[in-house]
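Chemist: Using the hints provided, position chain B relative to the given structure of chain A.
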Amino acid sequence: MKLRLLSLLLSLALLACLSPAALASVESVTVTQVGELEEEAEVWAAEDADTAWEPEVSDWAAEEADGTVQAVYYYDSVGLLTAQQRAELEAHSAAIAERYGFGVYVVVLEDYRTYDRWSVENAAEVVYRSLDLGVGTARSGLMLLLSMDDRDYDLCAYGYGHTAFTDYGKNQLARVFLDDFRYDDWFEGFRDYQDEAEEMLRLANAGSPVDDPYAGYNGYSGTRSQRDPGAVIGFSLLIGCVVALIACMVMRSKSRSVKSARSAGTYAIPEGLYLAESLDRFSHVTEQRVRIETERSGGGHGGGTSISSGGFSHSSGKF
Amino acid sequence: MPSIIHYKCPACTGPLHYAGASGMLECDYCGSRFPVAEIEAQQKPAEQAAQESFQQQQEQQSQEAAQFAAEGWDASGLSSAWGAEAEGMRVYNCPSCGAELFCEETTAATSCPYCGNNAIVPGQFAGTLKPDLILPFKLDREAAKDALRRHYRGKHFLPKSFEDQNHIEQIRGIYVPFWLFSGTAEGTAVFSGTRSFSRRQGNYRVTTTEHYDIQRSGSLPFDKVPVDASSKIPDEHMDSIEPFDYADLRPFSTAYMPGYLADKYDVPAEQCARHAEERCEQTMVHALSATVQGYETVSPLGHQISLRRGLVQYAMLPVWLLNTKWEGKDYLFAMNGQTGKLVGDLPVDRKRFWATFAAIALPIAAVLSAVMLLM
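Here the protein sequences line up with chains A and B, keeping their order.
First residue of the first sequence: 1, per the numbering used here; consecutive thereafter.
First residue of the second sequence: 320, per the numbering used here; consecutive thereafter.
Isolated chain A, as found in the complex:
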């Protein structure tokens, strides 16, 4: 028993090594019992060998082994909720995990930069791996990470989460809780998040994951939907007409050679420009971040799930 508890502490220590500040910020994981770990850890390592994801001794591995571990779905270093509210959320996530074999998590941090200084998505991946989140051999799960300093959030899916939570689905899901977070209504936002995630899981299990209704393909499943021939012909005609109009207007412009002169460059004295003052003053800096599409599951047009090289899919922004 002591040995297993020691293993759990080692796991948390690894997380702390990745981010010393996080050691203090992430609440300790409550573990009531720990089972056998080795077999689960080997699967986890083999699956993520390409990303150098080291197998970790975890509460999840223990739970999978003997089914007696109390999993944690809500991590909070800020203290947004009361103990009763946390318990309610834990119970709901546990019920979802039991019904769908899928983890729905919430992680609240002071500042995601303690895990990755560049992006909240990278930080989410580090946290997901460090806490060994996910259910089953596929480590399927969905994690909502909130970084309170700059009010950044990231929805991070793994395993079956790519099927159940497409890019479109994650955006729809985000709309549900962002309405509450806007007014700092954290508990209501987390509950809406769990409810909506459960509904999306139900739809995905029924074979109809929530995806962009206007996409040419049905997202992650990879099945091509039938295109409306009328719409295709109409679209093609429109493109053809635009191209033809441009070509015809170019040809027509050759018939017009009379126009009023707007400049007098021909009459400017060559090399005659005298530059009395030349002032270049720095004003400000703007930054634009565009996600790099590394892989698109289903290969569709606008639908499906974009998966990063780390094997996660994300939807992030500000709340």
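Treat the hints as calculated values from the structure; they're not laboratory data.
All figures in this text were calculated on a predicted structure; none of them were measured in a lab.
By construction, the Cβ of each residue, glycine as well, lies at the ideal position given by its N, Cα and C atoms.
Keep in mind that the hints are not guaranteed to be accurate.
Beta-carbon label-pair distances, calculated as ranges [unchecked claim]:
hint, chain 1, residue 1, chain 2, residue 2, range
1, B, Met691, A, Leu275, 50 to 56 Å
2, B, Phe516, A, Ala276, 44 to 50 Å
3, A, Arg99, B, Val686, 30 to 36 Å
4, A, Glu287, B, Met691, 35 to 41 Å
5, A, Asp228, B, Gly659, 31 to 37 Å
6, A, Lys259, B, Gly621, 23 to 29 Å
7, B, Gly350, A, Arg262, 44 to 50 Å
8, A, Asp228, B, Ser511, 44 to 50 Å
9, A, Ser260, B, Ser351, 42 to 48 Å
Straight-line Cα separation of at most 30 Å, DSS-like style, residue types lysine-lysine; simulated pairs [unchecked claim]:
hint, chain 1, residue 1, chain 2, residue 2
10, A, Lys254, B, Lys648
11, B, Lys457, B, Lys551
12, B, Lys551, A, Lys254
13, A, Lys259, B, Lys648
14, B, Lys449, A, Lys254
15, A, Lys259, B, Lys551
16, B, Lys670, B, Lys648
17, B, Lys670, B, Lys551
18, A, Lys254, B, Lys464
19, A, Lys259, B, Lys327
20, B, Lys551, B, Lys449
21, B, Lys464, A, Lys318
22, B, Lys457, B, Lys474
23, B, Lys474, B, Lys644
24, A, Lys318, B, Lys457
25, B, Lys551, B, Lys464
26, B, Lys474, A, Lys254
27, A, Lys259, B, Lys457
28, A, Lys259, B, Lys363
29, B, Lys644, B, Lys660
30, A, Lys254, B, Lys660
31, B, Lys457, A, Lys254
32, B, Lys474, A, Lys259
33, A, Lys259, B, Lys464
34, A, Lys259, B, Lys479
35, B, Lys363, B, Lys644
36, A, Lys318, B, Lys474
Modeler: Coordinates of chain B only, in the frame set by chain A:
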């Protein structure tokens, strides 16, 4: 009644015309050629006599009118009855055949419709009205016809009947009066510029854009910006046949005019100056903009440019005007008499336009549909 000035061949007394190709005055009959300076010297007494005659006639007409009024006759009815038609007209005698020539008051050079002799109207280029410069014709009537034929080529939407049935109704070589404005544009232009740098951060492409406020001030001199000074010639046509090569500009002489038409200016320099100022302003902004370098994007934010006014000159520039009519509509083409640049809008065959449109649009739509439906 004053006589118009008639340039006669010293050898056979036939009419002379200025030939752009040779740069000399040539006799229509015997083909003799004479330098401009020689004919100028010979014609000077005749020109002076014609101008004096013209001035005497002006004075005589005003005296007669005053005397008529002094005798108690009410001449207001007469003047109003003739006014509409006689206003802006002048009458001259052709020294060759004696015919009376009715010309517009701005006409400076013409030809007699009865005997065909080339004639210069006296008084139009005298005193302050005398142009400073003249750019002689280099290209002749045939060159203008050739240029028009070339102008038709490659115009996909030109109605076939326009080209086939089209007959040029009139070709006129005209010395068009221009004001040439010189000055220096001065001012300041303000721009915004950006520089961007991209780097990869995790799964994101992060583009950092630096924004700059840019200001440029300076001056740029301009020499002889031309503005059409005749209200009868469309300004856009004259703008479009630019530029003229000022290296061939000569001090004004009527000896370059025989064989061509000419008008004196009827739009004063003050009215034309604004157009020249606007053009200089645009060019100045463009020149200042060209000094802004090292940025990925440059957007103009504003400018304040003014033209320090300099010399204004009155010049006669050579233009061939070609008129044609098709389906009841007049088409005017103008050719630079020095460089041969010809401009003029052409009609568009609507049927051919839409047929071409369909010939492009339908195959593209068909191929695109097939690709989208089959792949």
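Chemist: Taking the hints in turn, state whether each one holds.
Modeler: Against the structure, the hints come out as follows:
no.: 1; hint: B:Met691 / A:Leu275: 50 to 56 Å; verdict: 55 Å, holds
no.: 2; hint: B:Phe516 / A:Ala276: 44 to 50 Å; verdict: 32 Å, violated
no.: 3; hint: A:Arg99 / B:Val686: 30 to 36 Å; verdict: 51 Å, violated
no.: 4; hint: A:Glu287 / B:Met691: 35 to 41 Å; verdict: 38 Å, holds
no.: 5; hint: A:Asp228 / B:Gly659: 31 to 37 Å; verdict: 58 Å, violated
no.: 6; hint: A:Lys259 / B:Gly621: 23 to 29 Å; verdict: 25 Å, holds
no.: 7; hint: B:Gly350 / A:Arg262: 44 to 50 Å; verdict: 46 Å, holds
no.: 8; hint: A:Asp228 / B:Ser511: 44 to 50 Å; verdict: 45 Å, holds
no.: 9; hint: A:Ser260 / B:Ser351: 42 to 48 Å; verdict: 44 Å, holds
no.: 10; hint: A:Lys254 / B:Lys648; verdict: 20 Å, holds
no.: 11; hint: B:Lys457 / B:Lys551; verdict: 23 Å, holds
no.: 12; hint: B:Lys551 / A:Lys254; verdict: 26 Å, holds
no.: 13; hint: A:Lys259 / B:Lys648; verdict: 19 Å, holds
no.: 14; hint: B:Lys449 / A:Lys254; verdict: 39 Å, violated
no.: 15; hint: A:Lys259 / B:Lys551; verdict: 17 Å, holds
no.: 16; hint: B:Lys670 / B:Lys648; verdict: 18 Å, holds
no.: 17; hint: B:Lys670 / B:Lys551; verdict: 34 Å, violated
no.: 18; hint: A:Lys254 / B:Lys464; verdict: 19 Å, holds
no.: 19; hint: A:Lys259 / B:Lys327; verdict: 41 Å, violated
no.: 20; hint: B:Lys551 / B:Lys449; verdict: 19 Å, holds
no.: 21; hint: B:Lys464 / A:Lys318; verdict: 71 Å, violated
no.: 22; hint: B:Lys457 / B:Lys474; verdict: 27 Å, holds
no.: 23; hint: B:Lys474 / B:Lys644; verdict: 18 Å, holds
no.: 24; hint: A:Lys318 / B:Lys457; verdict: 73 Å, violated
no.: 25; hint: B:Lys551 / B:Lys464; verdict: 22 Å, holds
no.: 26; hint: B:Lys474 / A:Lys254; verdict: 6 Å, holds
no.: 27; hint: A:Lys259 / B:Lys457; verdict: 24 Å, holds
no.: 28; hint: A:Lys259 / B:Lys363; verdict: 41 Å, violated
no.: 29; hint: B:Lys644 / B:Lys660; verdict: 21 Å, holds
no.: 30; hint: A:Lys254 / B:Lys660; verdict: 15 Å, holds
no.: 31; hint: B:Lys457 / A:Lys254; verdict: 27 Å, holds
no.: 32; hint: B:Lys474 / A:Lys259; verdict: 18 Å, holds
no.: 33; hint: A:Lys259 / B:Lys464; verdict: 22 Å, holds
no.: 34; hint: A:Lys259 / B:Lys479; verdict: 25 Å, holds
no.: 35; hint: B:Lys363 / B:Lys644; verdict: 41 Å, violated
no.: 36; hint: A:Lys318 / B:Lys474; verdict: 57 Å, violated
Against the hints set out earlier in the document, violations occur for numbers 2, 3, 5, 14, 17, 19, 21, 24, 28, 35, 36.
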